[in-house]
Each structure stands twice: as C-alpha cells, then as structure tokens.
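Protein chains in written order, with full-length UniProt numbering: chain H, 1 to 634; chain V, 1 to 634; chain R, 1 to 344; chain C, 1 to 344.
It should be emphasised that the hints constitute simulated quantities derived from the structure, not laboratory data. Please note that a few of the clues may not be correct.
Said to hold, decoys possible - Facing chain V, according to a computed beta carbon distance under 8 Å, are these residues of chain C, among others:
no., residue
1, Ser15
2, Lys17
3, Asp18
4, Thr20
5, Gln23
6, Val25
7, Ile78
8, Pro94
9, Leu297
10, Ala330
11, Thr337
In this text, a Cβ means the ideal position worked out from N, Cα and C, and glycines have one as well.
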Amino acid sequence: MVATNGQRTESDPEGQQPDTLRKVNRVVIRFAGDSGDGMQLTGDRFTSEAAAFGNDLATLPNYPAEIRAPAGTLPGVSSFQLHFADYDILTPGDRPDVLVAMNPAALKANLGDLPAGATVVVNTDEFTKRNLKKVGYEQSPLETDELERFTVHRVAMSELTKGAVAETGLTRKEAERCKNMFALGLLSWMYHRPTDNTERFLREKFSGKPQVAEANLLAFRAGWNYGETTESFAVAYEVEPASLPEGTYRQVTGNLALAYGLVAAGQRSELPVFLGSYPITPASDVLHEMAKHKNFGVTTFQAEDEIAGVGAALGASFGGSLGVTTTSGPGLALKSETIGLAVALELPMLICDIQRGGPSTGLPTKTEQADLLQALYGRNGESPVPVLAPRSPADCFDIAMDAARIALTYRTPVLLLSDGATANGSEPWLIPDVSELPDLRVSFADSPNAPDGSEEFWPYQRDPRTLAREWAVPGTPGLEHRVGGLEKLDGKGSISYDPDNHDAMVRLRQRRIDGIEVPDVPVEDPDGDARVLVLGWGSSYGPIGAACRRLRARGMPVAQTHLRHLNPMPGNLGEVLRRYDRVVVPEMNMGQLAMLLRSRYLVDAQSYTKVAGLPFQAEELENVLSDVVQGVEL
Amino acid sequence: MVATNGQRTESDPEGQQPDTLRKVNRVVIRFAGDSGDGMQLTGDRFTSEAAAFGNDLATLPNYPAEIRAPAGTLPGVSSFQLHFADYDILTPGDRPDVLVAMNPAALKANLGDLPAGATVVVNTDEFTKRNLKKVGYEQSPLETDELERFTVHRVAMSELTKGAVAETGLTRKEAERCKNMFALGLLSWMYHRPTDNTERFLREKFSGKPQVAEANLLAFRAGWNYGETTESFAVAYEVEPASLPEGTYRQVTGNLALAYGLVAAGQRSELPVFLGSYPITPASDVLHEMAKHKNFGVTTFQAEDEIAGVGAALGASFGGSLGVTTTSGPGLALKSETIGLAVALELPMLICDIQRGGPSTGLPTKTEQADLLQALYGRNGESPVPVLAPRSPADCFDIAMDAARIALTYRTPVLLLSDGATANGSEPWLIPDVSELPDLRVSFADSPNAPDGSEEFWPYQRDPRTLAREWAVPGTPGLEHRVGGLEKLDGKGSISYDPDNHDAMVRLRQRRIDGIEVPDVPVEDPDGDARVLVLGWGSSYGPIGAACRRLRARGMPVAQTHLRHLNPMPGNLGEVLRRYDRVVVPEMNMGQLAMLLRSRYLVDAQSYTKVAGLPFQAEELENVLSDVVQGVEL
Amino acid sequence: MGGLAGVPAADEEYSAKDFTSDQEVRWCPGCGDYAVLAAVRGFLPELGIKRENTVFVSGIGCSARFPYYMNTYGMHSIHGRAPTIATGLATTRPDLSVWVVTGDGDGLSIGGNHLIHALRRNVNITVLLFNNRIYGLTKGQYSPTSDQGMVTKSTPAGSLDTPFNPVSLALGAEAGFVARTLDSDRAHLTETLRAAAQHRGSALVEIYQNCPIFNDGAFDVLKDADEKQRRLIQLRHGEPVTFGPEDERFGVVRDERGELRVAKLAEVDERDLVVHDAQRADTSHAFALSRLGGQDLDPTVTGVFRAVDRPTYDDQARQQLDEAAQQRPADLQQLLTGRDTWTI
Amino acid sequence: MGGLAGVPAADEEYSAKDFTSDQEVRWCPGCGDYAVLAAVRGFLPELGIKRENTVFVSGIGCSARFPYYMNTYGMHSIHGRAPTIATGLATTRPDLSVWVVTGDGDGLSIGGNHLIHALRRNVNITVLLFNNRIYGLTKGQYSPTSDQGMVTKSTPAGSLDTPFNPVSLALGAEAGFVARTLDSDRAHLTETLRAAAQHRGSALVEIYQNCPIFNDGAFDVLKDADEKQRRLIQLRHGEPVTFGPEDERFGVVRDERGELRVAKLAEVDERDLVVHDAQRADTSHAFALSRLGGQDLDPTVTGVFRAVDRPTYDDQARQQLDEAAQQRPADLQQLLTGRDTWTI
Ligand SMILES: Cc1ncc(C[n+]2csc(CCOP(=O)(O)OP(=O)(O)O)c2C)c(N)n1
Ligand SMILES: Cc1ncc(C[n+]2csc(CCOP(=O)(O)OP(=O)(O)O)c2C)c(N)n1
Ligand code: SF4
Ligand code: SF4
Ligand SMILES: [Mg+2]
Ligand SMILES: [Mg+2]
C-alpha cells in the first residue's frame, strides 16, 4: 500500500514489496454511497471490528440533510470515514487511503479528497449511463484516465451480491440491498479484520427476519471470499492493535458518551434525571439513548418545542431532579429566555448544545463551533453561566459528569457545547470503574436557615465558599418559599426593587460563576522550547494535536493547550498565554474564543478560522502552524 | 433657594437674599406619591410647561412594576423627576432641589436622594397614623428633627383641594383625586410657569367629563393661589428660557421619538411600515404610538408572542415593506432564532430592544444596558447584525432613521438598543425639516440578473459596493425565487452543502456588515490636552457629558466620545482610543462594551460599572473620573 | 384514582391563614384576583393534603403574582411557560399537588401552545386561567379573549380578531377536564376548584375575572342580580340544563338540526331538555354547550363541561420507569461496559 | 369576496409545468409528498391568477421543502413559524395568494400556537398540513398526531400522550375553514384545495400523508379498495352523510343523546340522516363530525367540515389604514411638529 500523509508501512518502508499480508500503522477508509445504501451502518460495523481488534480509531460520518435525497445524485451521497491505527491517533484522518464508492455520485463527490496513490473500490454495476448522467459524467470515469493516479478495483458488487444471496429467495431488490455487506466483507478481508462480531450483529439486528439476516451474512461472506480468491486483490493489510493505556475499552460516539455521562451523573448524585428535549439534528440521538435507560431513574420527555423542553427540565430541577435539556443551535436560541430564568432561580440544570452549521438552519448535518458566544451571552441582562466543551467523543462522558458537578455544587444552569463531529464521531473509550467516578451527592435543605434566628427559611441564603444558595425542594415541611424571575433580595429571596440590592445581586451572580473551581489547563510542550502556543477548544483537539505532532516530528517546537472549561477559564490561563511569543487559536467559527482571550488577557491571540462544516484537517493546521513557527524563529 | 450641585443662582450667588422672585439657572424637581396619585401626569404637565417656556429639560420617570401596589406603601411609590434649565443640560439631574411628597411613603422613599438644603413640599393630610405605620414611621417625620436639613413646606393638599372643588359636586373621593393638580398649581407658581397649556390640556383631557375638568382646573388654580397668597412661600423662582440652537422645539420621550423615526423612515423610503410586536415594558408605548399612525401607511400587528411579532415583520419585509419589531430583553431572547433567519435571508428589518433590568424578568420598569452582547451574539452560528444605540430621547429619531438606512441599503436586520431611561425620559427636540431628512428610497429588482446571461433571476446576486443582494418582491413577473434558512450558493441562492461555499458565505455575511458605512466618532476635548478618554454608549451620554463638564470646570482635562454605532464600530475608533493614556468606559452592565473594545483594539480600557436599575449620576461619574484624571497626572 | 392520590395527607387541620404568606398583596383595589385568592386560600384546607406538598407555578401577568401570596412552594416563572415547568415538576413528583396560575395573555397568547399540549398530554396539573379579557400588567392591550372591536392602547381603531373561547379551545385540544367559573361567586368558584382538584389529569378552570383598571365591568352583567339570573347557566352533572329566574325559567334544548339553543321552559317538553353529562366520552356534547353564548355572555355557561378520566402522562411515565427498573437492574458498570469491549 | 379577490388574473394559461421549479425533488421514493406536489402543481393553473403573485411559505420538515419545488415565490423558513411570516405577508400584500406548507410536527408541535392564532385571527392564508403522524426529517420521533403507544426512536417503551385531532383543534380555535383530505386521492385533494383557495380567510387543510420510511402504511386502510369503502366518508355540503360500498351503505345519524354515530343505512329512516352543512355558524356540527372516528380512521371523515365567511384580519387591517388615510392626510411635518412647540 502506498501509505499517505507521511505514514510509512512498517514492513515495507518504501511501499514497493508486493506482499500478500502487509503491515501498516494506520489506515483511513471512507465508505461512500447513496443515502439509501447503508453506508453509515457499514462504517459503523467496520469501526466495531477495528475496535474489537484493539486498534485506536476515530470516525467521521457525513450525511445529507434530506432523509433520502433522490437516488444517485450528488446531494444524496452519504459517507463514513474511519481512521484506525496501531498507535493513539487524534483525528478521523484528513484524506482517505481507501475510498469505497458504491455509485458514480459517491465517486465524484469524494474523489477530490483522495491523495495520489489511494485505493479506490468501485461498484461497477452502478456505473450505468443513467447514473453517470445524473452527476454530469459524459463518459464513465472508469473508462477515462481520470483515476490514473489511484489504484482502482472494479467490482460488480450488486450482481455478485444478488448471486450470493439468490438462495434465500429474497426479491432482486431486497437482495441488492445487501451489497453494503458485500463491501464490508471485502474490506474486512483487505484489512484482516475479525468477523465474528459482525456476524453476530447481523443475526441480532435481523432476528425478526431470518431471511434477511441470512442474506446479509451471505453477502458479507461473499465479499470476504471475493477478496480472498480474486486475483485483483493481491495484497491484504494488517494494522496491529494499538498500545493504548491498559484497561478495557469500548467504542463510543460522542452522543452515546454524553448520554452515559448524564446517566452516570444521576447515579452518582443519587438524583433522578429528567431530560426535557425536542428533537433536532445532531442532538436527537442523546434523547433516543436516554429514553432507553428508564431503569436508571431517567425520565425522558419529548416536549412540544425547545422552550417546553427546557421549562420542564427546570421544573424537574425545582422538584429535586437533575434537570437536563439537549438541543442544537437554533434550539438553544429558543431556550435562552428560560435559561435566564434558571440563572435567576439559581437552580442546577444542564443544557447540552450539539452545535451544527449556522446561521439559521444553516447546514444541519455538518459540524461547527459557532455557538460559543451564544452560549455565553445569548440571554437578556447579565446572566453568566458556566460553559464546558468536550474535546473528543469519549471526553463527552467526563464533561457531562463535570458539568453536573458544577451545576449541583454551585446551583446553576451549565452549558455544555458539543458539536456534530464529536457527537457522531467515535473513538475507543477506556471504560471507567464506576466506583471511582466522582461522588456528586448533594444535600437538600431541611431546616430553617434565617440568620436572624427567626426560624424562617431564606431561599437565597448562601454557602459562603461556593456562594450556592440552598436547595429546598417542595415537600419539605417548614421551608415553603417562592422563587421567580424578578430580582430578589439576597438572602431572604423576596422581590426587591432596591437599586443597591440589584447591583449587589448582579455582582454576586457573576462572582459565583467566576469562582467555580476548574482545573488548571495543562500545556503540552515536550521539549519546553516552544515559542508558539496553539490553543483550541472542543472538537478541534484531534486535528490540532495531530498537527503539533507532525510539526514536532519535523523538528519544529510548538506548544499545545486545549480548553475544556470556557467559563470560567482556568486560573493559570493568563500566565500560560503570556509565556509564548505567539498564540494561535484555530476555530471552526470566526474567532469567538480568540475574542474572549484577547479581551480578557490583552494577548494578541491570532485566529485561524474555517467555517466549512467540516473538521480541520491535520495537514492544513500543520501548514498554518509551520508558517507561524517559522515566522517567530526568524 | 439654596442651589445644589455646584450650580449657583445667578442673581444671588451666595443664596442669601430673601427675594420674592429669584432667578436660578437650573432646577431639579421630583414629584413623588402613590401609584394612584397621578405623579407621572403631574410631572408630564410640568415638563410641558417648562418646555413651552423654552427651558432645556430632561426627565426621569420611575414607577413600580405592579400596576397599583397597595396604597401608601413603599413599593407603591411612583415618582417623576424633571430637570429644567436656562442652558443646555444633559441629564434629568442627580439630586432633587425640590421634592413634592404626597404621602409618608413618598417622603421616606426619596429622602435619601435629597441634598442638604433642598426644599420639601409635603401633603400633611396623608401623614396619618395609619399611613405612617405602613412605612414604619413610629413618629411623624414632620414632628421630629429628621427634616431639619431641609426647607419644609407643610401643605394640607387634600383638604385644600376638596375645599376648592366642593362647588363641582364631585364626591369627596373624586374631589380628592384632583390633589395632584393642586400640587402642580403650587409648583407652577413657585417656578413662575405659564399655565395656559395646562388649562387647555385639562379641558381637552376631560372633555367628556366637564365636571371633572372643572374640578381639576379649580384644584390647579387653588394650588397656584396658595403659593401666591400664603406667607410660607416667600419666594418664587424663575428659570429663564435656554439659549439652545435656533429653531422650533417640542418635547419628546425616547419612545415617541423612536416611533416618529420609524414613521419617518417609512415616508422617506416610500415603503409601507409593518410593526409586528408583542407588548412588554418599556417597549409597549412604541406599539401604542405607531398604532395611531395608520394614515401614514403604518400597519401595527399585536402578535400572539414575540416570535410571531418578528416573524410577521420578516414576512412583511419579504413582501416589500419595512418590517419592524419592538421589544425588551426577554422578548429579544425569544426573537433570536428568527433574527438568525433574517440574517440568512438578507432582508431589511428593524429590531428595537428597549432594554430593562435583567436577568430574566429582572426589574422590568428600570433601566439597564445589559443586552449589548445579546444583541451582537445571541443567535446560533455566525450571524452578524448591525447594532445602533440612541444616546438620548431625541436621538431615538435619528437613530431610527439611520437604522432604516442601513437595513435598506445593506439588506440586513438591524438592532436598535434603546433603554428604559431613554424610552421614558424626555427632552426638547429641535423639530427637523422633513424635506431635509435623508432620502431612503430603494429600488426593487425588476429583471433577470444572472451573470451567465441565462435570463434567470439569482436572488443572491450582489451589489459589488455594498454586497447587498437584490430585493425582488413577490408579484414581480419573471423573478420567482425561493429563499430559506439553509445555506445557499452565493449568487444563485439555491441550497448548497458545499464546504467552500459555506465558508465563503460566512465570510461574505461578515464582510457585508463590517463594510457598512458609519460616521467617524467625534471626540470632545475642548482644550486638546486630555490624557483620559471617557467613552460610553446609549443613555449614559447625559451623565458622562455632565461629569466631563464638571471636571473641566474644575480645570481637569478629560476627553469624551460616545458610540452610537456599536456594530460596525466607527473606522477611526482604534486611532482615537490609542490617542489617550487611559480609557474609561462607564456602562450600566458588567462591562460589555469594554470587552469588545479590549478585544478588538487590545487597549486596556477600564470599566466603570453600575447595574442598579438607575442611570448614572453626574456626581458619581465626576468622582470616578476625577480619580482617573488625577491618577494619570501623577 | 383521584387527582390527589399520592400526595401525603396533612396531619393537622389548616385554615385559610395557614396558606397566607407574609407578602403584602399588591393588586389594584377591587381587582377580581383578590376574590380568587381568598377562595383558594379558603378552599385548600379542605383538601387535607400537606401544605408543603402544594406548589403554585405561574407565568407573568397580574394574576401571575398569585404564588407569592400563598404560603406554599411556588414559582413565578416567565411569560407563558408555567405549564412546561409544571409538567416537569408533576412528572417527577407524584407526591405534589401542582397548580398553574395563568392569565388570558399568559395562557392563551404567548403560552397557548403549552396549554393545549398540557391538556392533550394530560399531566396531573390544575390550571387556573384568570380571564379578564385584557392585558393587565402591561397596562391595557387587548388579549386573545377581548371583544372584537375593543379599543385598547394597542388597538386605537378597534381590535380585529375573533376571540378564543377558552373552553372550546381546550375541548378541541382533547382536554379531559374543563370548567368555567366567576371571581365573584365564591361558592361556585370553590365547588369548581374542588372538582378540578379531584380530577386526575390536566384540568382547566377558566375564571372570569374583573380588571377594574383596564377592562372594568367586563362581566358586570353576571354580577347584576337580575341579569345574572337571566344569563347564568350552572351546569350540573346528570341534571337537565335549566336556568333563569323563578318566574321565567329557561332550558337548553336541541333543535331539529341538532344544535343547542335556549328556550322558555314553559314552551318546551321537559323530556326535550338537554341533560348534562360531564363524563361523556364524545367531546361533542361539552363542545356544543361551550358554543351556547360566548363572548357576549348571553347566556353564560359555567360549571364543569367535561370531566373524563383517562391515564395521565405522568402516571404512565412513572410506570414505564418502574417497569424498566423491574426488568433491568440499574447496573451502571454494566451499562458503561456494554457488550463489545476489548482489553489492552 | 373569494379568497383570491385582489390577486391579479393571469394573462396566459398555465400548465403544471409552469409551476415546476428547476430544483430536483428530494423526498424519499414513495413519499406521499410527491402526490401532493403533483396535485398542487396540477391544480394551481385553474385558479387563473398570476404565478408571480403566488407565494408558498413553509417551516422545517420534509414537507417544508415544498416551496423549493414550486416555480413561484417561496420561503423555507424556520421550524413552526411559517404562519407568522405568512401573516405579515398577507396583511401587507392583498395582491398575493399566500400558502403555508407545514407538517404535523411543524404545525402542531412547535408551531401549534401560531396555527391556532392564525385560524382565530382569520388572515387570508391557506395552510396545508401534511400529517404523516411522525417526524420525518429528524428521522422518526413521534409527533402530536402519532398513535398512543407508538414505539419510535424517542419512545422506545411507547408514546403516552393522546394525539391531537387537527380538525377538532382547528374548530376549537374558531377556524372558519377546515378540511381533510388524502395524499393518494388526487381528485379529492384537488377538490379540497379548490374550496380552500376560494375561501377568504384562514383555511386549514389536513392532508393524510404516507411516510414510507418512518411510519409506513399509517393510512393504508384508506388505500385498500375494500377498507376504504368501508371507512371513508366524504362530506358534501347540503347532502346527507352516507358512505360505504354499494351493497352495504352506511349513514351518520344522531342518537337519542344527540351524539353522532354510524348506522347501517338499511336500518335507519332516511330522514334521520345528518345532512352536512359546512356553512353553519354554530361550530358544534362540524366539531361533532370531527369526533366521528379519529385516530383509528374508523370511520375517516374527509372533505370540508366548515366553510364560514367572516371578515378577515388583513382586509380589516387594510381598511383601517384606508379609513385613517381618508380622515387624516399623511403630513409628516405636521406629525413631527405636533401641537406644543416653542421657538428659539
Ligand atoms: C417574554 C415576555 N413578553 C412579554 C412580557 C410582558 N408581559 C407581561 S404580562 C403580559 C400580559 C399579561 O396579560 P394576562 O396574562 O392576561 O395577565 P393579567 O395581567 O391580565 O392578569 C405581558 C405581555 C413579558 N414579561 N415577557
Ligand atoms: C428550532 C428547531 N427545532 C427542531 C428542529 C428539528 N426539526 C426539523 S423538522 C422537525 C419535525 C418534522 O416533523 P414534521 O413537521 O411532522 O415534518 P415531516 O418531516 O414529517 O414532513 C424537527 C423536530 C429544527 N429544525 N428547528
Ligand atoms: S391591572 Fe387589572 S388585573 Fe391587574 S391588578 Fe390591577 S385590576 Fe387587577
Ligand atoms: S422521511 Fe418520510 S416524510 Fe420524509 S421524505 Fe422520506 S418518506 Fe417523505
Ligand atoms: Mg388578562
Ligand atoms: Mg410529520
């Protein structure tokens, strides 16, 4: 295999020796086909196989906003990219080493991303005149020199599949629908994957339809055998297990890890969890997942809209539950007034925004980081809320737990900013030992607390350290009280129009959030000689990290740090920033974090921005950063 | 009269001479009473008298959030402060020279604001045991030494009023309700005001109830005569007309000026105006006012909620009207998703936020400037909108016109940030000559514009200078097209999921807003030797200006500039900021503009913040600034 | 199962005073809200549930100040959203009696969607809709229940839209319990609240409420002794629908086309009188009654239009949780571990 | 005055093709939306109005892509808000024919409030509600019209709430025009659209629409020839309500309690049959019909339930403007100057 991106195969450093089983360190595969072709499932299965084998991995699904755009068209192309390796990797990969193209549209849409020398596997059966015309090919690219830079495998997948499953008696149309499993079988052979899991998976998935299960299995095996037996696939590759930290791993997507984190927060706080939500891409899957865990005391409520979702969550919090709401950018906009109420009420609540391309409906299935300022400031009046962001799919679990810690300790709504790439991407996750998860238990108020000895309950009486107010839930005798959105007297909590009290309360709410304990930010600067610091937040962690590795491998020192806490910011951040000659902040927005840093620390942080609905590529950041590093070295 | 705040009477520089008619340069009067006592009306009438007399003036109403809190209680106190002078003044005054207190609650609530030597006029009839007890007075303050620092006039206003109007045959209760006119009459005598207007006003207001009109007139005259005849009022004062720029003036509140500006924008653009709104304090009066001007082609629509209000406005804009929506902070939060749509659609629309105290319901009848960041960033995705803010009540007219200019020229929603103090405050307004108002006419697209000669209409084809897209309204033959919230291909306007197009469109939308022409900001630095710059925005213009005058009068140089355009900012601002050693930014929030300036210009702008629901006082800013000026002089 | 099943019983006898908070009541003199407050304070003790297990949630408006005046738990939330908050609370806390206080603007204008969804969903909450046919707190704009043509601050030339009939709207939204009553009739108000509290599921009680400041006298015809007799129908389950003064009784009959109309009792056959049945599954009966006189209050139908039991959202949601817990233990470690793992 | 009064007449004859935009239609194969699109494209030419004076406004959802496929003016707005945009447009532009396309999620869940207010307000717009009883675009969560107990992505243990009956809801919200039809019956769909377009004021047309991907076959019983005959009622103004196959006709009668029910035609007196009258002022008649069979489609009542004229919001709003203009000239200088001025 001609390895790409500076990675060389181990056994074959020059990529010449025509072996039958060759070792490589890492591979990026992209499955691409029509929305109806089942590419997400195929990618998912291959990912599971890689995970089961012990590779490190990262994935990037990409699908259209339409449920099913017209078959065979460019807008209808759906793809799934997977990066797996024998070492710890950071991104789903910039450019595929292998593209599986199930039809001409899939080929055309993805060709531009391939490096020279890549492998292309095409389903020739779909390269009909009609299909070619749909995407504007005059002549089949399989017959021109358009693919000459690539190694092309032409496979009649549809027909082979139909042949393989004929015995099941499915209709031709049903039979053909198994061709994605043929492709999976073929790729599984090429990369020497274990197949048991997939076979088991297929049997379970179609347990109600044994005929379909059988057909999928047959197709899968046919694909494998096709690789094994045909001449055209002279070589198979092997990617050894990665040497990750010891422990038991599983594969998680960001949304799954987030849902687990929320369930775990409920368990560790011993509070019921109430999720009030309204479906929206790419957040809906968190609702779907949470709905499965009623046995953990998790109530899910699909509300009539986003406002009702967050309102119900707040009502549940008032009643002593851990109220949660999940959404994406447009939904966050709608929730903003109610989040403001939660700020005034000083009740714990989690608001998870899985960011997507904006403004407005924007690019609903694409990723972006452009809701940071909305999260911080998208409410009337001074209404500070803590903001956290996971840096990778698996990190969603920890971030959810930490968000719950902050919400419960400080009695505040907390905003968690994930994004489409994190939500749908996946990676191996070192399964935590539950007994070692943080203890999140809280105590509810149970007795009068008025400092004047009046035996009254004052709902805005505070813990002097955290400034958190007491949480007295309905049903507690003697603590009857009223809360609301009007300004209230500190301590007593009654309505107050007093100017000085208002000023004091505004500052107090700010101080409470500013005072939240968040860990110092660690800096990765292996040789300690970097003069350039790269700082990011959220899902850009992977590509930034990969770019830094590449620079260092090229002998260019660069320091990296990554913010998981956006508000308040880590206490050492100012000092860290001032340590470097240059600070570069790559963001998938127009420079929102950079603005905050510049304002707060008066540091001339430079933005590098891309707002294209796709994650950064390690390569592009490598180029940007190498220019900066070379600049300061001059 | 003992003049306060460094202002001395002209004819009596030492304040000693016991004259019968004495000239003063400026007076601050506060009328205070129960919510039911008609203090807003009383203040309003006095203001009209002062205006008619040609004084410069500024007003500050202050009333509770309840419609009518229990009579006689502190929360029920309503007041109206008025500052009038023989020169151009900037604020409604820090501390009243005269307090009219209609009951014990009004006295107690306002006493703390009075400078030593102030005049207090009380309605003794209300100082009953019961009323005193309601506000916690053990003994009447009229009988203790609590008021010894003031000149107190004890007037049995209720009884005197009842006596005066007895002949009309009104019930005692109805009769007593005229006591505010008695107070007005008395004060009108004290300050030598012309009374014709008030008499005419009363006759018109109660034209349907001649008995009531008569009673109010009698009470008003009784008050006047009381001043004229009783011994206790030895002195009357005179404040000469102010020497403002030549022209014809009237008095306007901010909300009135804003409504007029919107009507004028419709007339000057020759577009119908459509206001979609939902009532909310302190914005409702704009809706009420606009509803009166249907003869100007103004449609007002009270929607079911804020979202429907802005949605309808956007629909009207799509149809070729000037769509407008008015609201306050919580309503802006609700409108944010739709404003995002307007950003994507690139249609002109005005969104007016009359800011009030937050967060959440906050202090609905108080003023604040804490929606600036919400206005800028309170939407999902990158969705830049221009933001403007009036600096005084009369300035609302010009700002509305300018906001319309920007919206129409650049095809963009525009946010206008007024606030409670500006909205309800009033000042003299030099009535503009309509023929000299800016010409806001636009031209709608009327023919195909595809650059490829295809005779198609491309809705996102742009003016190369403004980057504004064409506005083709339904009903135009041949230009049928569809717009929407999904990302679209530049030029053609069809849906596009192309990554590069998205990136380009995000930058284009930003560039279009950044490129809006706004005037350079002028700096007031009379001697050119200031090292400290004070910069504000919105309604703090008055107190900042007054504070600067005082400093300069004390020989301390200070420069002042004020932002009316918050986004984009004036082109010369960076240069202006860098000219000074120190930049101080007073804001009625936690430093929102300061944050923007620091980030954008990397200038160490220092915030001075107060979030108490009340405007700055000139005195407090004088103190803050004098410390800063002295600091740099060291 | 009654509306209060699951709410712990009080172990003391309360009086109205126990439900009175220390906050001074701040409505305008003469406001109808006072009467409703007094009725609620007076009625709650008879429910016999713990005071601390009672919660009032309101939106924004004059009426929305209600919770401050009740010595129970309470939340004065934001405009229109009280039903959403109550839904989260009621779903997670079967031991609470949850009340929503809203106005014609709060509940029918900005909050209309939450209201109709709460009713259809059938969460165990009781909604008191204070209908004064005006926006009080914002000082007198027309509301979705104002008379057509009404001149208000925002409609100087008269309002244009057809008002909602809140009872019809609720019935169209699948409400299980809908009633109407009057601020000024304490006995009827109390009786209606009692029925609402006993109902398990979402209950809507529309209360005609006078706003002396911005819409004074909107319901005066129902307060004038004569007019009241002539107009006011009080529905009673199982009884024929009749009303009117002793000397001139009226009854409701169904005409040839199937429509309800008012007739002189003397002129109709008693057997033709419509008999009220609040428990009919078919909502058409209650709906037809709601159309008998509407905005013009002539006649005015009050009482319980419909009281039909069906499983509540919150009971079922909790049941799903219980069933899941019985089927699968809450083993967090097992959940996190899942089935496809590998060990390094 | 008809729904299209004020819209300029076309000076050419259009065909369906004229209403077809250059955008490729992107619904799933077999989606019911195709049939509705074809019907609308085919029907619009007969209205005889200028194409450029036709506007489609939609929210978000699969169905909301509709405007892209129409060669008219159009806006694909945001979730649930299309009625608000249409309201602003229709009020300011009497020369346009304004259509709203919405789904059961878009129009009844997030957008429910705007829908009921548009109906009560009676703005001259026509709302097509594509009811597939599921959220299509977000891939299969239950909607406010999904069957109770339905297992969907968001309700793995079955949904809990009672669905809305959109026709009942609209009638409870004072709608002047309400109809129901089917994606698969082109003739009936066209006929219904025709009636809706002719109606001046807000018109709601509920269209049962199949989503083969996430809720396939929801309306299959109405497509099966036999079942359809047994279940489908097509209301016709002025005619008795009857249906059923030749050999077993049914009719709708009113029972002793005044409720509507289905009876075998053979077993009832023809004179007892309910005669449909879409123009009755009393909504109760239409409402009762809407309760005859509901979620279970047994029977399924289609056609125009109610078509009652009353002044529209937008006509009246424009009239107020005209009247004001006649009374007071638009003298801006005079307005700005006002009455209390002083000169320096
Ligand atoms: C989001 C939002 N929009 C508008 C308002 C202003 N507002 C407060 S109460 C109210 C209407 C009150 O009317 P109603 O519900 O009938 O209550 P009432 O005062 O008549 O009791 C409005 C428009 C607000 N507080 N918040
Ligand atoms: C504010 C907002 N919330 C949620 C969504 C996600 N969303 C898009 S369409 C939709 C529901 C679609 O259902 P329906 O209206 O029935 O249309 P269908 O797809 O079935 O035609 C949802 C929840 C969104 N786009 N915007
Ligand atoms: S304004 Fe009306 S509703 Fe509000 S408190 Fe006063 S009387 Fe009551
Ligand atoms: S998901 Fe359903 S409704 Fe949406 S396009 Fe596909 S078939 Fe139609
Ligand atoms: Mg009201
Ligand atoms: Mg649907």
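Each hint, compared with the structure:
Below 8 Å, beta-carbon pairs count as interface contacts, and Ser15 (chain C) has none with chain V, the closest being about 15 Å; its hint is therefore violated. Evaluation of the Lys17 (chain C) hint against chain V yields a violated restraint, the C-beta minimum of about 14 Å exceeding 8 Å. Against a cut-off of 8 Å between C-beta atoms, the interface hint on Asp18 (chain C) is violated, since the closest Cβ of chain V lies about 10 Å away. The interface hint given for Thr20 (chain C) is violated, since its Cβ lies 11 Å from the closest Cβ of chain V, which is over the 8 Å cut-off.
Nearest Cβ of chain V to the Cβ of Gln23 (chain C): about 7 Å, under the 8 Å cut. The hint holds. Annotation: interface hint on Val25 (chain C) violated; nearest CB of chain V at approximately 13 Å, more than 8 Å. This hint holds: Ile78 (chain C) has a C-beta 5 Å from the nearest C-beta of chain V, less than the 8 Å allowed. Hint status for Pro94 (chain C) relative to chain V: violated, with the closest Cβ pair at about 10 Å, above 8 Å.
Here the hint on Leu297 (chain C) is broken, as its CB sits about 32 Å from the closest CB of chain V, past 8 Å. A distance limit of 8 Å between C-beta atoms decides the matter here; for Ala330 (chain C) the minimum to chain V is near 5 Å, and the interface restraint holds. With its C-beta approaching chain V no nearer than about 5 Å, Thr337 (chain C) sits inside the 8 Å limit, and its interface hint holds.
Taken one by one, the earlier hints fail for this structure at numbers 1, 2, 3, 4, 6, 8 and 9, listed in ascending order.
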